[in-house]
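Student: What follows is each chain in one-letter form.
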Amino acid sequence: MKPVLEIANLRVGFSDGTAAVRGISLNVLPGETHCLVGESGCGKSVTALSVMSLLGRGAKRSAEVMRFHDRDLTRMSDREMARLRGDKMAMIFQEPMTSLNPAYTVGSQMAEVLERHRHVSRAQGLDRAAALLGHVGITAPGMRLSQYPHQLSGGLRQRVMIAMALMCEPELLIADEPTTALDVTVQAQILRLLQGLQRQLGLALLLITHDLGIVARMAQRVSVMYAGQIVESATAEALFAAPAHPYTQGLLNCVPIPGKTPRDQPLGSIPGVVPRIGAGFIGCAFRDRCTHATTACSGDIPRRSVAQHHETLCTMAPS
Amino acid sequence: MTARSISTGLGLFIVGAIVLIALGAGLLAPHDPFTQDLMYRMVPPRWMDGGTSLHLLGTDQLGRDYLSRLIYGARISLLIGSLTVVTSGLIGTTLGITGGYFGGRIDDAVMFAITCRLAIPLILVALTVVALVGSSLTVVVLTLGLLLWERFAVVARTTTMQVRNLDYIAAARAAGASTAHILIKEILPNILTHLIVVATLEMALAILLEAALSFLGLGVPPPLPSWGLMIAEGKDYMFFSPWVIMVPGIALFVLVFGINLLGDGLRDLLGVSQRR
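Protein chains in written order, with numbering that gives the first Met the number 0: chain A, 0 to 318; chain B, 0 to 275.
Mixed in with the good hints, there may be bad ones.
Some but not every residue of chain A turned toward chain B, in silico, with C-beta under 7 Å [what the hints assert, rightly or not]: (1) M51; (2) G85; (3) M90; (4) F92; (5) L99; (6) A102; (7) V112.
Straight-line alpha carbon distances no greater than 25 Å define the calculated DMTMM-like cross-link-like pairs of lysine to aspartate or glutamate that follow [said to hold, decoys possible]: (8) K59/A to D106/B; (9) K184/B to D126/A; (10) K184/B to E114/A; (11) K87/A to D166/B; (12) K59/A to D166/B; (13) K184/B to E79/A; (14) K184/B to D86/A; (15) K1/A to D86/A; (16) K184/B to D77/A; (17) K59/A to D15/A; (18) K59/A to E5/A; (19) K59/A to D107/B; (20) K184/B to E168/A.
Just so you know, the hints here were simulated from the structure itself, not pulled from any lab data. Just so you know, even glycine gets a beta-carbon here, dropped at the ideal spot from N, CA and C.
If we strip away everything but chain A, and leave its shape as in the complex, we get (with noise of 0.2 Å):
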């Protein structure tokens, strides 16, 4: 199957110098939910705004391959980056307490993205914006698209934030942490939405987040992410059934696994924090927080295959 989104070697670096992504590659095919993980810093949201071509000004992208579809994302003027966003491809951000426009209401913005690609009418929009809305499970959608923001709850919002990704029938959807700031509850709710709307309409999702019970229950295609770099890459079942990477392996170890991890024993954590990665930046960034790192850490590291479709970067994989 042809992929919808094909990213070889990206690189997105800072005027200060950092180097947020550092060549990363990735594949999210048809109808495949590919799980983005890390923790704060690893460039995750970075890697999601710079296929949008959403970077501010400061950060430089580079990449061999960027592809949606056949459409060569590095080539395209900003134009032509504008009409495809939010047409073919969508994004749903972090907070949906920020994240409307609190002048209008929720019909009116929803409507403007149809408006904008498919040059429709005003009452065409506010149509298949309350169709949409009963869709994501909306009560009283013709109430809903006369009211304000500040009148939603945040579960409510996130709902109709992603009504309106929907609006154009987007092939990718790409969900930058989407549940991070709602209730339990309510993310639960948001997560079944995604995977049901996912399976009808046969959405490519890329989801971003930390969160590994979210990757459980989500995810086909995992990557792990660590100070720019994709660590670990593998099926769902292939990573939570045997990590490789070492740090993928302490991220496990962080959370609890019913049945699998032993009673009265401390839950493993990860001393440390990312660091922050310049440019000239050589060897595993993992090695002053990994227990088994050794000298051949500092020097460059081999991309191995462990088994079919499951990729780590470390020295200790077998080759």
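Chain A is fixed; fit chain B onto it per the hints.
Tutor: Chain B alone, transformed into the frame defined by chain A:
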């Protein structure tokens, strides 16, 4: 009722009343403001010795009815005030939003323009321009409009900087909005409340400046009944009949006072100070 809401109500009442008077000047004014009657010069107001019910606020040195001139003068003041605010608001807001949104070199240029503008002595430049070009309503409006934009620019710039990095701007971009769309339809409505407050304060300032220019003989040309011009024309007589400058002076005070009360009230009402 708090003291705040009383003062806002008072401001609204004053401004509303003066706007209504200005609009209905043709119906309300007892006389034509331009008709001279040399038999009735310097008639004092009704309540003073020698006053007559024919001229409630008396007449000026040319025998024109003072009340009628005051009523028509409200038109001039409000017209100049609002047109100036529209002109300066457009200039200042455009500069401020552009500088605040794009930042960098563009923002430097905007800041430089604001600094330059602040270094210009208002009255002096207005006087020079009007003296060179000649005085007319249009010249006064344009001069003041081109000079009074800096507060709009400062406020628009800082508020845009606050709004620029909010998530809904990023969300709008992610939904394919163009830069023009973001500036006009996403940012502008969210900083509008701040700009409205600036507009009321600038309007008061513009009205006072027009009065000052007219007083110096370089505002609206006679015989238009501007309040500042009325004070200027009355100043030769003020030792013998002080009411000729008191009447338009008080009118000016009340209008500017009312606009300022309204502006303060709006600022609280729109939650401008507490919002961020």
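Student: Taking the hints in turn, state whether each one holds.
Tutor: Hints and how they fare:
{"no.": "1", "hint": "M51", "verdict": "6 Å, holds"}
{"no.": "2", "hint": "G85", "verdict": "3 Å, holds"}
{"no.": "3", "hint": "M90", "verdict": "4 Å, holds"}
{"no.": "4", "hint": "F92", "verdict": "5 Å, holds"}
{"no.": "5", "hint": "L99", "verdict": "6 Å, holds"}
{"no.": "6", "hint": "A102", "verdict": "4 Å, holds"}
{"no.": "7", "hint": "V112", "verdict": "5 Å, holds"}
{"no.": "8", "hint": "K59/A to D106/B", "verdict": "22 Å, holds"}
{"no.": "9", "hint": "K184/B to D126/A", "verdict": "22 Å, holds"}
{"no.": "10", "hint": "K184/B to E114/A", "verdict": "14 Å, holds"}
{"no.": "11", "hint": "K87/A to D166/B", "verdict": "21 Å, holds"}
{"no.": "12", "hint": "K59/A to D166/B", "verdict": "21 Å, holds"}
{"no.": "13", "hint": "K184/B to E79/A", "verdict": "21 Å, holds"}
{"no.": "14", "hint": "K184/B to D86/A", "verdict": "19 Å, holds"}
{"no.": "15", "hint": "K1/A to D86/A", "verdict": "20 Å, holds"}
{"no.": "16", "hint": "K184/B to D77/A", "verdict": "19 Å, holds"}
{"no.": "17", "hint": "K59/A to D15/A", "verdict": "11 Å, holds"}
{"no.": "18", "hint": "K59/A to E5/A", "verdict": "19 Å, holds"}
{"no.": "19", "hint": "K59/A to D107/B", "verdict": "23 Å, holds"}
{"no.": "20", "hint": "K184/B to E168/A", "verdict": "24 Å, holds"}
In summary, the structure agrees with every hint in the numbered list given earlier.
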